[in-house]
Amino acid sequence: MASLSVEEENYVRMSLLLTGISPRAARTFFDSEFTPACLEATIQKEYNKLLDLKKKHRINQSQWNLLCPRFPDTEDINFLVCKLDLISLVSIVIHYYHSMSLGKNQAGVKTVQSLLAAKKPGGNKDQQEKPPKRDKRTHSDVSEESIDNIDIMSIHSDLKDIKKSLQDTVIKSDLESLVKQSDLKELVTSIVSQLLNTLKDSITAEFNSKLREKTGQLQDNVDSLNLENHLLKEKLREKEIKIKELDEKVEDCNLRSVDALKSANYNEQYSRKHNIRIVNYPEKNNEHLHAEFINLVKKDLKINLEPTDLIAIHRIPGKEGAIRPIIAKVRNTDTKIKIMRSKKGLKKDIKFHDDITQKNLGLMSRLNLTGKLENVWFYNCSVYGKLQNSKSGNQRIKFDLFDNIEEKIRKKTAS
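Everything in the sequence shown is counted per full-length UniProt numbering, starting at 1 for the first residue and increasing by one.
Quick caveat, the hints were computed from the structure, so don't treat them as lab data.
Small disclaimer: the values here were computed from a predicted structure and weren't measured.
Incorrect hints may have been included.
Listed below are the simulated DMTMM-like cross-link pairs for lysine to aspartate or glutamate, each with C-alpha atoms no more than 20 Å apart in a straight line [as the list claims (entries may be wrong)]:
{"hint": "1", "residue 1": "Lys56", "residue 2": "Glu46"}
{"hint": "2", "residue 1": "Lys398", "residue 2": "Glu251"}
{"hint": "3", "residue 1": "Lys262", "residue 2": "Glu251"}
{"hint": "4", "residue 1": "Lys338", "residue 2": "Asp300"}
{"hint": "5", "residue 1": "Lys242", "residue 2": "Asp252"}
{"hint": "6", "residue 1": "Lys273", "residue 2": "Asp355"}
{"hint": "7", "residue 1": "Lys239", "residue 2": "Glu228"}
{"hint": "8", "residue 1": "Lys338", "residue 2": "Glu320"}
{"hint": "9", "residue 1": "Lys319", "residue 2": "Asp309"}
{"hint": "10", "residue 1": "Lys372", "residue 2": "Asp334"}
{"hint": "11", "residue 1": "Lys372", "residue 2": "Glu406"}
{"hint": "12", "residue 1": "Lys359", "residue 2": "Glu406"}
{"hint": "13", "residue 1": "Lys344", "residue 2": "Glu292"}
{"hint": "14", "residue 1": "Lys244", "residue 2": "Glu234"}
{"hint": "15", "residue 1": "Lys412", "residue 2": "Asp400"}
{"hint": "16", "residue 1": "Lys359", "residue 2": "Asp403"}
Using C-beta positions, here's what the derived DEER-type ranges look like [what the hints assert, rightly or not]:
{"hint": "17", "residue 1": "Lys214", "residue 2": "Lys249", "range": "48 to 54 Å"}
{"hint": "18", "residue 1": "Asn221", "residue 2": "Pro69", "range": "36 to 42 Å"}
{"hint": "19", "residue 1": "Pro69", "residue 2": "Leu195", "range": "19 to 25 Å"}
{"hint": "20", "residue 1": "Lys302", "residue 2": "Lys273", "range": "41 to 47 Å"}
{"hint": "21", "residue 1": "Leu369", "residue 2": "Gly321", "range": "25 to 31 Å"}
{"hint": "22", "residue 1": "Leu227", "residue 2": "Asn404", "range": "46 to 52 Å"}
We put the CB at the ideal spot given by N, CA and C, even for glycine.
Construct the entire structure; sequences and hints are all you get.
This is the structure we're talking about:
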């Protein structure tokens, strides 16, 4: 290996100091000052002073995180504090080396060289003499020191002590195995590149694994939702079929109910076909309506009825305080027609009417309310109406219970 220049030799010595000797020396020196078993208790005891140094920016955030991690159980506190001390020590040594390389402190260069030089026979007797033992500092004394109060000469003295304690272990032959700055740079670059590639591959693999896992979960969820959607569609289709069937049944029931109501109304009205409704006929105690009705028809209407022509006659409930109406049932339609055609001869406000059902009376009332019919009447179990201003006989309309009155009148008018 070619001989090294002074600058290269200084660089190699500094590199060896920083990478090989300083961590072990700093750990040994630190452990001699602070017992590892009591280190955590010392930090907790002097926590307020450390916090004050942090507030004054004597301790940066990174160093504070090493001193007081969020999860103390995950890392050795002694080792963290050692790293903090080592960081401060390395920063000062680097400052020395920087000043040395700029030629601002040549004495510093000689000091570093003398610290790292191998032990030679006939050297300075003062250097070979055992250094005086220093009084061991207490924990409180060390914790009260601030980073800004570190004296450069004290650092120099500490490094000198370390050099003396390690003189026998550092020989010049150790430096022959060191590489040049360019080789070291290539080596570091290669290692960093490999670490980055390994980290990249690891991150990529983990990312792909997580991505596949999440994608699989999402795909499972999508498949589950699709299945549920399909089942819901099937159920909805079944419900729609049932609703359609129910609609058809309801419509059929409506038609049947309409037909039933029409039939019931017609049957009720047909059962009253031979009935005559008599109003305003005076009530008497112990009245004989059968004989009185026959005499009334014979006297006022000039119609002779046999007792057998009148099947039944009786009063029905009416309005409170008013004369109750009478229902008379004759034997056949001819007898009723004969009486009804001659009813204009009745006297004393007595009136004869057809016995009409409540549903037909309601229909006649609705027809009169339209205002479009000139006359509304009942004949032979049916209700009829005549359009206003009608000159021909074809303007007569027959209405049923569930007819759309307006639509039926409009169609009749249009025709």
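Hints, verified against the model:
1. Lys56 <-> Glu46: Answer holds: Lys56 to Glu46 is near 16 Å, not above 20 Å.
2. Lys398 <-> Glu251: Given pair Lys398, Glu251 is violated - Cα atoms ~25 Å apart, limit 20 Å.
3. Lys262 <-> Glu251: Holds: Lys262 and Glu251 sit about 16 Å apart, inside 20 Å.
4. Lys338 <-> Asp300: Holds, at roughly 13 Å.
5. Lys242 <-> Asp252: Holds: Lys242 and Asp252 sit about 15 Å apart, inside 20 Å.
6. Lys273 <-> Asp355: 7 Å, holds
7. Lys239 <-> Glu228: The hint holds at about 16 Å.
8. Lys338 <-> Glu320: 32 Å, violated
9. Lys319 <-> Asp309: This hinted pair is violated, its Cα atoms lying about 29 Å apart.
10. Lys372 <-> Asp334: 33 Å, violated
11. Lys372 <-> Glu406: 9 Å, holds
12. Lys359 <-> Glu406: 18 Å, holds
13. Lys344 <-> Glu292: 18 Å, holds
14. Lys244 <-> Glu234: 15 Å, holds
15. Lys412 <-> Asp400: Distance ~15 Å between Lys412 and Asp400 Cα, so the pair holds.
16. Lys359 <-> Asp403: Within the cut-off at roughly 13 Å; holds.
17. Lys214 <-> Lys249: 48 to 54 Å: For Lys249 against Lys214, whose Cβ atoms are near 51 Å apart, the range 48 to 54 Å holds.
18. Asn221 <-> Pro69: 36 to 42 Å: 39 Å, holds
19. Pro69 <-> Leu195: 19 to 25 Å: With a Cβ separation near 24 Å, Pro69 and Leu195 satisfy 19 to 25 Å, so the hint holds.
20. Lys302 <-> Lys273: 41 to 47 Å: 24 Å, violated
21. Leu369 <-> Gly321: 25 to 31 Å: 28 Å, holds
22. Leu227 <-> Asn404: 46 to 52 Å: 50 Å, holds
Consistency note: the structure conflicts with the earlier hints numbered 2, 8, 9, 10, 20.
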